[in-house]
Amino acid sequence: MSAVPTAPGATSAVRPGPPLWLLCELTYRCPLHCAFCYNPTDFAKTGPELDTEDWLRVLREARALGAVQLGLSGGEPLARDDLEVIVAEAHRLGFYINLITSGVGLTEPRISALKEAGLDHIQLSFQDSSQKMNDFLSSTRTFDLKSKVAALIKKYDYPMVLNVVLHRLNIDHVEEILEMADKLGAEYVELANTQYYGWAWHNRDQLMPSRAQVERAEATTQKWRERSGRPMKIFFVVPDYFERRPKPCMNGLGSIFLTITPGGTALPCHAARMLPGLDFPNVRHSSVEHVWFESSGFNHFRGDSWMKEPCRSCPEKTRDFGGCRCQAYLMTGDAANADPVCDLSPHHHLVTEAVALADAPRPPAAPSLVEKPLVFRSPQNSSKLFS
Amino acid sequence: MSENAVSVTAASRPRIERRFRLQWEPAQSAHVLLYPEGMIKLNGSAGEILKRCDGQATIGDITADLEATFVTTGLANDVLAFVAMAVDKKWVEVEP
Chain A
1 MSAVPTAPGA TSAVRPGPPL WLLCELTYRC PLHCAFCYNP TDFAKTGPEL DTEDWLRVLR
61 EARALGAVQL GLSGGEPLAR DDLEVIVAEA HRLGFYINLI TSGVGLTEPR ISALKEAGLD
121 HIQLSFQDSS QKMNDFLSST RTFDLKSKVA ALIKKYDYPM VLNVVLHRLN IDHVEEILEM
181 ADKLGAEYVE LANTQYYGWA WHNRDQLMPS RAQVERAEAT TQKWRERSGR PMKIFFVVPD
241 YFERRPKPCM NGLGSIFLTI TPGGTALPCH AARMLPGLDF PNVRHSSVEH VWFESSGFNH
301 FRGDSWMKEP CRSCPEKTRD FGGCRCQAYL MTGDAANADP VCDLSPHHHL VTEAVALADA
361 PRPPAAPSLV EKPLVFRSPQ NSSKLFS
Chain B
1 MSENAVSVTA ASRPRIERRF RLQWEPAQSA HVLLYPEGMI KLNGSAGEIL KRCDGQATIG
61 DITADLEATF VTTGLANDVL AFVAMAVDKK WVEVEP
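Sequence lines, in order, name chains A and B. Per my numbering, the first sequence starts with residue 1, numbered consecutively. Per my numbering, the second sequence starts with residue 1, numbered consecutively.
One chain only, chain B, in its complex shape (with noise of 0.2 Å):
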């Protein structure tokens, strides 16, 4: 419920919820979050900012690495509005 929802910012350090699983399908060529009786496919962005995702790295940290990874700039708003999204469907948690 977002009502409840954690406040995400860059500082915060996300990691897939527990009761989800995170692996590379190379029969889709995509990330899937599986999950009883379920799976979620995603797409390329989606995968590569849930593979970091640790629990260690911060949102910053792994923007920052992802910009480095594609060699582009700009895109702290997104990834963050991503993970915030993600919190709110439970796929990923951060310490609140």
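In isolation and in its complexed conformation, chain A is listed as follows (with noise of 0.2 Å):
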């Protein structure tokens, strides 16, 4: 996601802003199966999904406490057949509408509607730029069907942003996603570096390009912006475990981002929920104002009192607030130390040795590594996984 420029940064002593940002993950059910997906990897535990009423008093609120921007993902928000609903009293709100959506489902009828609702902006992803790439990556034959979606969106005259999620096993074809993005008219294209949460921390091996590759596919990248020719804005959004210092992830915990779940969890970045020992109210019971300014898990992180060295005295902590929390505890097993990824951490070799296996020499990427296939997102191996 692109930045707030003018968010403040959190302290203690100060009354946070307001949760600027909304994401609703409306449900995990999605047609896709993507290795990379950052959802939960117990998704298929997760209880009944909110219902349309609980969404709209969850707008209502949020929109009550300053939220503007609305994001409605998932899984796939359009398996929700009440979207349109959701959209059109966004709308009212005065919400500016993001749908974040992979395209299937996203028919003719239904993007018709949806504009009337007053949907703001569509987000495609695409897993690749080869048919046989994107159907592998996904578990899915989809690719032609995200074409014809692409065109729709031109045909309805939203602005599209083509997100497509980078890895070992794509990010060489860098200058043909480019090629396609061109071509199918996307003002802005996202080339996400995978963020390894959920799936994609269980394939993490699998998925890691190397530094070779990384640096290949931001000069590809560099290359296009210098082009002069129709304005596509490209972002690259570099993968962290190649730095020396951690993202500002979430601007801070509790400072601009408010994700809800499917089923309700209020959470301040969409992975925070296997954050343990933190209370994260569910919205059937709490008021987004309580969750937002009173919870604990909203609250813990804010400021800067949570932090352990060499956080606490380091000068660079306005700047990135430690980092990820989430990543933090995912390596090293405790939420408030400093995000591995960064060089001062003591257990930043956590970091580079992740990144010295991907630079290892090894057969070429190939579908059928048979040694440890990738695990792809569904239901089934969700249960599976947690059986």
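Here are the computed lysine-lysine pairs in the DSS-like style, where the Cα-Cα straight-line distance is at most 30 Å:
(1) A:Lys247 to B:Lys89
(2) B:Lys51 to A:Lys233
(3) A:Lys183 to B:Lys89
(4) A:Lys183 to A:Lys154
(5) A:Lys233 to A:Lys247
(6) B:Lys90 to A:Lys183
(7) A:Lys154 to B:Lys89
(8) A:Lys223 to B:Lys89
(9) B:Lys41 to A:Lys115
(10) A:Lys233 to B:Lys90
Covered by chain B, per the in silico footprint, the following chain A stretches (three or more residues, Cβ under 8 Å):
(11) 65-73
(12) 92-98
(13) 117-125
Hints are computed from structural coordinates only; laboratory data are not their basis. Computed from a prediction, not measured in an experiment: that's the story for all the values here. Backbone N, C-alpha and C fix where the C-beta goes; we use that ideal spot for every residue, glycine too.
Please dock the two separately framed chains into a single complex, following the hints provided.
As structure tokens, this is what we get:
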């Protein structure tokens, strides 16, 4: 997601600003089975989805607090047949509404009804520039369908963001991906290197590109940016494992982002449910105002009193907030540790070891990696992992 | 790209580029420009200028209106410079 430049940094003494960004994960149902999905691997265990009335109440309460950017995501949000109702209410309330979709289910009647309801923008995901790899990576046959959906997005005059998650198996296709995006008429392209949470964490060693791959992809992207021609803004989200300082994740937890899961759990980022010992209220029982201002899940990582060394005394803590709490927890077992991406972290070797593994020679990446195959995101695999 | 920039004069009629949405946000006490997955929070002067960019008023009209509203004079150069910058950033378009 692109930056909200004016967002304030969190400090413990001051009442937090509003949750400017609301992400509603409407459902975990999804026709795709991407091996790099950030959804939790135990999603099959989660309870029933919020109903329409619950979502409309969440929208009203969040908007009253000042939320203005709305992401409708999932899973695949088009799996909800009340999507048009949700969009219409969000539009009436004054949200800028972004639909984040695989395109599966975006028929002409629906795209037209969503326009009518006030949808502002569609972010369409592709898994690769070729049918073969797209369909392999999503474990579906969806490439041709996505191309048709891209044409419908243009026909109905939505701004189009094309999103491609990059990893070891497709990062060498950046040239072809950008050609495809240009041909489809995308206004923005997000080349988002995989962030290792959820299913992507489970499949990390197979998905991690080598440093040489990342450098080639960046150089190709830069060449495209310098070309004159139809304006197409290209974002290249660098994989943070290759950095020496962590990303200012979510601009600090509880600073601007609010995520609601399909079952109604309120989170300060879409991966935060894994963080132990925190109370993340459910919007079935709590108001959005209570969630944002009162709950421990949202207050705990505000400010810097939770920090340990080396973050606590670090002059850069106001810039990166110690990095990502989920990454610190996943890799070190303690969410209050510095994000190991930082080379000042005593755990930084965990990151450099993962990168070294990716740099080590191995047989060319192939769909048939036999020793440790990719685990595709599906309700069956989710149940199997946690049986 | 600035090499493609159209010239902006007091007679130009600016309007918010169709891919942006300008709105007042009470929670931020500010006008904001909204676009796919992003937001620009505007300071007071920028908000006052942009809310007058309706494709009808010329930059001259906008300047006169601001000077009358805020009981001041001599804003012409500032308004022109801001609109030129906003055109360059593609927040605003003017007829070539």
